[in-house]
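Engineer: This is what each chain is made of:
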Amino acid sequence: MIKKITNISDQGIICDFGEEVNKDINKKVISLFNYLKEKSNNDEIKGIYNIIPSYNKLVIHFDLEKNNSHKIKEIISSIDLEKLTTSQSGKAWNIPVCYDDEFALDLENLTKSLKLSKEEIIKTHLETEFYVYMIGFMPGHPYMGDLDKKLFTSRLQSPRVQVPIGSVAIAEKFCIIYPYLSPGGWNIIGRTSVKLFDTKNLTNPCLFSPGDTIKFKKVNKSELK
Amino acid sequence: MEQSYFEVLRPGINSTFQDKGRFGVQYMGLAPGGAMDYQSFLLSNVLLNNDKNSGALEFAYQGPLLKLVKGKTKIAITGNVFFKIYSPKGEITGEPYRTYDLNEGDQLDILATKASVYGYLSIEGGFKLDKFCGSVSSQPRAFIGPNDGKKIELKDKILIFKNSTTKENKIIRNIKFEEKKIFSVLPGPQFHYFSTASKKQFFSTPYLITKQTDRMGMRVIGKSLENLVNSNIPSEGIIKGAIQVPGDGNPIILLSDHPTTGGYPKVGSIISSDYDDLIQQNANREIYFQLVTLEAAEQQFTLYMEKVKKRIANIEIV
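If you read the protein sequences in the order shown, they are chains A and B. Each residue of the first sequence is one higher than the last, beginning at 1 in the working numbering. Each residue of the second sequence is one higher than the last, beginning at 1 in the working numbering.
Be aware that one or more of the hints could be misleading.
Claimed, not checked - Label-pair ranges, simulated between beta-carbon atoms:
{"hint": "1", "chain 1": "B", "residue 1": "Thr293", "chain 2": "A", "residue 2": "Lys4", "range": "51 to 57 Å"}
{"hint": "2", "chain 1": "B", "residue 1": "Ala283", "chain 2": "A", "residue 2": "Glu38", "range": "39 to 45 Å"}
{"hint": "3", "chain 1": "A", "residue 1": "Asp100", "chain 2": "B", "residue 2": "Leu159", "range": "44 to 50 Å"}
To be verified - Derived lysine-lysine pairs resembling DSSO-like cross-links, with alpha carbons at most 30 Å apart:
{"hint": "4", "chain 1": "A", "residue 1": "Lys200", "chain 2": "B", "residue 2": "Lys155"}
{"hint": "5", "chain 1": "A", "residue 1": "Lys3", "chain 2": "A", "residue 2": "Lys200"}
{"hint": "6", "chain 1": "B", "residue 1": "Lys131", "chain 2": "A", "residue 2": "Lys195"}
{"hint": "7", "chain 1": "A", "residue 1": "Lys200", "chain 2": "B", "residue 2": "Lys150"}
{"hint": "8", "chain 1": "B", "residue 1": "Lys199", "chain 2": "A", "residue 2": "Lys3"}
{"hint": "9", "chain 1": "A", "residue 1": "Lys200", "chain 2": "B", "residue 2": "Lys157"}
{"hint": "10", "chain 1": "A", "residue 1": "Lys71", "chain 2": "B", "residue 2": "Lys52"}
{"hint": "11", "chain 1": "A", "residue 1": "Lys73", "chain 2": "B", "residue 2": "Lys162"}
{"hint": "12", "chain 1": "A", "residue 1": "Lys195", "chain 2": "B", "residue 2": "Lys162"}
{"hint": "13", "chain 1": "A", "residue 1": "Lys83", "chain 2": "A", "residue 2": "Lys27"}
{"hint": "14", "chain 1": "B", "residue 1": "Lys162", "chain 2": "A", "residue 2": "Lys200"}
{"hint": "15", "chain 1": "B", "residue 1": "Lys200", "chain 2": "A", "residue 2": "Lys46"}
{"hint": "16", "chain 1": "A", "residue 1": "Lys66", "chain 2": "B", "residue 2": "Lys307"}
{"hint": "17", "chain 1": "B", "residue 1": "Lys151", "chain 2": "A", "residue 2": "Lys195"}
{"hint": "18", "chain 1": "A", "residue 1": "Lys200", "chain 2": "B", "residue 2": "Lys131"}
{"hint": "19", "chain 1": "B", "residue 1": "Lys180", "chain 2": "A", "residue 2": "Lys66"}
{"hint": "20", "chain 1": "A", "residue 1": "Lys71", "chain 2": "B", "residue 2": "Lys151"}
{"hint": "21", "chain 1": "A", "residue 1": "Lys71", "chain 2": "B", "residue 2": "Lys310"}
{"hint": "22", "chain 1": "A", "residue 1": "Lys46", "chain 2": "A", "residue 2": "Lys66"}
{"hint": "23", "chain 1": "B", "residue 1": "Lys200", "chain 2": "A", "residue 2": "Lys4"}
{"hint": "24", "chain 1": "A", "residue 1": "Lys118", "chain 2": "A", "residue 2": "Lys66"}
{"hint": "25", "chain 1": "B", "residue 1": "Lys89", "chain 2": "B", "residue 2": "Lys155"}
{"hint": "26", "chain 1": "A", "residue 1": "Lys71", "chain 2": "B", "residue 2": "Lys307"}
{"hint": "27", "chain 1": "B", "residue 1": "Lys176", "chain 2": "A", "residue 2": "Lys66"}
{"hint": "28", "chain 1": "B", "residue 1": "Lys200", "chain 2": "B", "residue 2": "Lys67"}
{"hint": "29", "chain 1": "A", "residue 1": "Lys225", "chain 2": "B", "residue 2": "Lys151"}
Hints in this document: simulated from the structure, not taken from any laboratory. Ideal placement from N, C-alpha and C gives every residue a C-beta, glycine not left out.
Let the sequences and hints guide you as you build the complete structure.
Structural biologist: Spelled out as structure tokens, the structure:
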């Protein structure tokens, strides 16, 4: 349920679904996102620049020349969230990961902090069915959850200046994949060669969508493309 | 007909193609990007009777030196820009907000932005650029935009859509470049995270714009903000102008190429009508923030749009 709707700019509002991060709340965020996106595409709501879903918030960026926060807040308040279809089930993916030492830069350290063997960490990671909460930060960058409690860990004390492309990494109860070379502070446990954002694909450049599910599949280095 | 084009003899410091931005795709992690100074971008196109969203070449501080190798074109440069045109007739110093004809062999030397950061070059009929998700805006970090999002480079060929066919030149007179010191702010989603005393300081003491400023963000230094709740939040959507405050308490104003989501609390957001002026402020300049109401921000936006429309209405033939 939306706890409150507030302005975050003269051209932006945020729908706050509370502080908790879980799949049920996120599914509500995504169903409101899908509903508003369709209304915007049909021009039933005018002047929408962007609708941005995250774990438990939905941000709407609009053009103040064509619309205003008062009207948009009114539209959202009049929506019965319970009646929106939350059933929009996402796609299910199998993503190859290589956990070799040369890619799993933090696996060794995690064995100490988590008091688990490499094999246990890998096995637990492979057994988890991940849910895509959101895509954000960089093009195609997924935030997935929830990790098994055994693998909960904090971020690195000092972030890496450059994380290799395709690094699979964990922190807190989440797992991410780095789509581009970038700085990053998550614990890297493997590498995938799957392209998360493809600028050559003009209709659907982003591989994952919020609500998709992902299972990882262990592969050898030679199987990474 | 042969393809008309410019050759880049000097790329400048940060020259990229930009239009209004890329919309409807932020949920994929793709930031809107777009011209930093929307008003200047818009006027460069309007002066040439172009589509309002036609891609322009944006430059920062030192702009490019371009040679028109083939064709004939008409240009408009906007922003507070110092530039020269070299032709067989001699050298002239150009005025921004005025169109000029360039003939084959002429060179356009965009030397510097004066007491500001960004300027724009548009040409009649527009540059020949490929769009991605409805926009030509370049994001070099993600290889998105024309020529894989690269900044323009030495010896690049910049293609011209069609040769100029209009005779007269146009001008907007009396554009004043004023130094703005005070920027209006609306409260952000985590406004209540910060102590009353430190917010009072934030809205009354000066902040210095640091050199760690680019199209992604502007770091300012002054009295640090004291977070009483948490310096990390679950990542949430970001809109340009948001003022995020990491654990060290020093604000970063997120600009057009901002990450799409972020996990730092935001104390506020620069109001839309102040954004163009903010991004034109040089490093080492001192600015102030003042808290305003939503009604005041909306009113300022109306005034901003009226000012733009008035400038467009005042375009005259030279």
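Engineer: Hints first: check each against the structure and report whether it holds.
Structural biologist: Here is what the structure says about each hint:
Between Thr293/B and Lys4/A the C-beta distance comes to about 18 Å, which lies outside the given range of 51 to 57 Å. At about 44 Å, the CB distance of Ala283/B to Glu38/A agrees with the hint of 39 to 45 Å. A C-beta distance of roughly 46 Å is found between Asp100/A and Leu159/B, which places it inside the suggested range of 44 to 50 Å. Between Lys200/A and Lys155/B the alpha-carbon distance is near 25 Å, which keeps this suggested pair within the 30 Å criterion.
In summary, the hint linking Lys3/A to Lys200/A is not supported, as the alpha carbons are separated by about 40 Å, beyond the 30 Å threshold. With a C-alpha separation of about 21 Å, the suggested pair Lys131/B and Lys195/A falls inside the 30 Å cut-off, and the hint holds. Straight-line distance between C-alpha atoms of Lys200/A and Lys150/B comes to about 16 Å, which keeps the hinted pair within the 30 Å bound. Taking the CA atoms of Lys199/B and Lys3/A, the gap is about 25 Å. The hint holds against a cut of 30 Å.
Note on Lys200/A and Lys157/B: the hinted pairing holds, with a Cα-Cα distance of about 22 Å set against a maximum of 30 Å. Restraint check: the Cα-Cα separation between Lys71/A and Lys52/B comes to about 27 Å, which is no more than 30 Å; the hinted pair holds. For the hint linking Lys73/A to Lys162/B, the alpha-carbon distance of about 45 Å lies beyond 30 Å, and the restraint is violated. For the proposed pair Lys195/A and Lys162/B, the alpha carbon gap of about 37 Å is over 30 Å, so the pair is violated.
At roughly 13 Å between alpha-carbon atoms, Lys83/A and Lys27/A fall within 30 Å of each other, so this suggested pair holds. Proximity of Lys162/B to Lys200/A is assessed by CA-CA distance (about 27 Å); at most 30 Å being required, the pair is judged to hold. In summary, the hint linking Lys200/B to Lys46/A is not supported, as the alpha carbons are separated by about 37 Å, beyond the 30 Å threshold. Distance check on the hinted pair: Lys66/A and Lys307/B sit about 17 Å apart at the alpha-carbon level, within 30 Å; holds.
Distance check on the hinted pair: Lys151/B and Lys195/A sit about 23 Å apart at the alpha-carbon level, within 30 Å; holds. Of the pairs offered as hints, the one joining Lys200/A and Lys131/B holds, with about 11 Å between alpha carbons and a cut-off of 30 Å not exceeded. Pair hint Lys180/B plus Lys66/A holds up; C-alpha atoms about 27 Å apart against a cutoff of 30 Å. Using a Cα cut-off of 30 Å, the hinted pair Lys71/A and Lys151/B is violated, with the two alpha carbons roughly 40 Å apart.
The suggested pairing of Lys71/A with Lys310/B holds, with an alpha-carbon distance near 27 Å, which does not exceed 30 Å. Distance check on the hinted pair: Lys46/A and Lys66/A sit about 6 Å apart at the alpha-carbon level, within 30 Å; holds. With a CA separation close to 26 Å, the supplied pair Lys200/B and Lys4/A stays within the 30 Å bound. Of the supplied pair hints, the one linking Lys118/A and Lys66/A is violated, its CA atoms being roughly 55 Å apart against a limit of 30 Å.
For the proposed pair Lys89/B and Lys155/B, the alpha carbon gap of about 25 Å is at most 30 Å, so the pair holds. For the given pair, Lys71/A sits about 25 Å from Lys307/B by alpha-carbon distance, which is consistent with the 30 Å threshold. For the hint linking Lys176/B to Lys66/A, the alpha-carbon distance of about 28 Å falls within 30 Å, and the restraint holds. The straight-line distance between the Cα atoms of Lys200/B and Lys67/B is roughly 53 Å, outside the 30 Å bound, and the hint therefore fails.
For the proposed pair Lys225/A and Lys151/B, the alpha carbon gap of about 29 Å is at most 30 Å, so the pair holds.
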